[in-house]
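Enquirer: The primary structure of each chain is shown beneath.
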Amino acid sequence: MTPWNIVGMAKVKGLDVITLTDHNCACNLPQAMLAGRAYGVQVLAGIEITAKEDVHLLAYFADTEAAVAFGEEVYTRLPDITNRADLFGNQIIIGDDDEQVSLAQKLLLNAIDLSVDEIDAWVCAAGGVCVPAHINRGANGMIGALGLMPPLPRFPVVEVCQQLNCSPDAVKGRLILHASDAHQLADIAEQGFSLDVPAPTAKHVFDYLKQR
Amino acid sequence: MSIQELAVLLNATIAQEGEDMTMPVSCGYACDLLSWVLAHGQKGMAWTTVQTHVNVVAIAVLMEMACVILSEGNQLDMASLAKAREEKLAVLVTAKTSYEVCGLMMRAGIAPPQA
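Chains as they are written, first to last, in the working numbering: chain H, -18 to 193; chain G, 8 to 122.
It should be emphasised that the hints constitute simulated quantities derived from the structure, not laboratory data.
Here a beta-carbon is modelled for each residue, glycine too, at the ideal position from N, C-alpha and C.
Each hint should be verified, as a subset may be incorrect.
Stated by the list, open to error - Which stretches of chain H does chain G cover? Using the computed rule of at least three CB atoms under 8 angstroms from a CB of chain G, they are: (1) 32 to 40; (2) 62 to 69; (3) 79 to 92.
What the hints assert, rightly or not - With a straight-line cut-off of 25 angstroms between C-alpha atoms, the simulated DSS-like cross-links for lysine-lysine are: (4) H:Lys184 x H:Lys(-6); (5) G:Lys50 x H:Lys87; (6) H:Lys(-8) x H:Lys184; (7) G:Lys50 x G:Lys103; (8) G:Lys50 x G:Lys95; (9) H:Lys33 x G:Lys50.
Bound-form chain H, shown alone:
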């Protein structure tokens, strides 16, 4: 997957707004934004952070610059363990012409040294929106890792894996998002999930999530 072929696939599938949330890295966002403008797909800037409890948290930002700056901070907080491409795959950063410009060195699937609560506060302070990812899936989902969801008003927006069961109590009163969580092009969803926003733009989606 590259930012350009992801956005291209989104265009083919008729998606209005997508987010690109690489694990612990926002380096591919600038190209994704360029692709979005070229193809006419709105791209909401984001990143998927692994908290020290191994919980995955999505963070969305109003603009690319904020997301990229945040991503750089996240990267510094990763342990100094180098990726092994033969075991975990290449961690490619794409530049112009959809070509690889560099590889992220540190193992991105690792956790940073902050807890779920600390990351939530940090994202909020940076002007972003923090959304626990796939709360109902495995050890990286908040329910599995923590045993139960922190009560409202914490985490009013959550992402739920549609293919798995999710306890109604866990999501009661919360806005539920369903994402493809695509790690391959073929997994990018068809038009299926929608939000009632004034116009199909990344900004409107961001504002909608932020005001919850």
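Once you have looked at the hints, place chain G on chain H.
Expert: Leaving out everything else, chain G in the frame of chain H:
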């Protein structure tokens, strides 16, 4: 104690043979948080966990562990086992809990990892 002997001690089935089952185990460890194991894993370690995520194999290989012990009857899926076979990582499965596994390993003289 070798990996083979450890399997006998734990009454474990060998879901996947390692490169050398006579290889000695250097230390024992119990942890289910993969990020934690990435920080504390060691070469030659016998690691017990209930975690069955596909990354268990990759992390054990990265850390050059002796074996992974899946406790409480947990199983790796076919893709993970195939990865273990490819990487020649020993995977043991036991019905015992990680607590029991640790108790048995300690009593048999397998030490915790040295700092």
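Enquirer: Now, for every hint given, state plainly whether the structure supports it.
Expert: Going through the hints against the structure:
{"no.": "1", "hint": "32 to 40", "verdict": "holds (count 3)"}
{"no.": "2", "hint": "62 to 69", "verdict": "holds (count 4)"}
{"no.": "3", "hint": "79 to 92", "verdict": "holds (count 4)"}
{"no.": "4", "hint": "H:Lys184 x H:Lys(-6)", "verdict": "21 angstroms, holds"}
{"no.": "5", "hint": "G:Lys50 x H:Lys87", "verdict": "20 angstroms, holds"}
{"no.": "6", "hint": "H:Lys(-8) x H:Lys184", "verdict": "18 angstroms, holds"}
{"no.": "7", "hint": "G:Lys50 x G:Lys103", "verdict": "24 angstroms, holds"}
{"no.": "8", "hint": "G:Lys50 x G:Lys95", "verdict": "14 angstroms, holds"}
{"no.": "9", "hint": "H:Lys33 x G:Lys50", "verdict": "23 angstroms, holds"}
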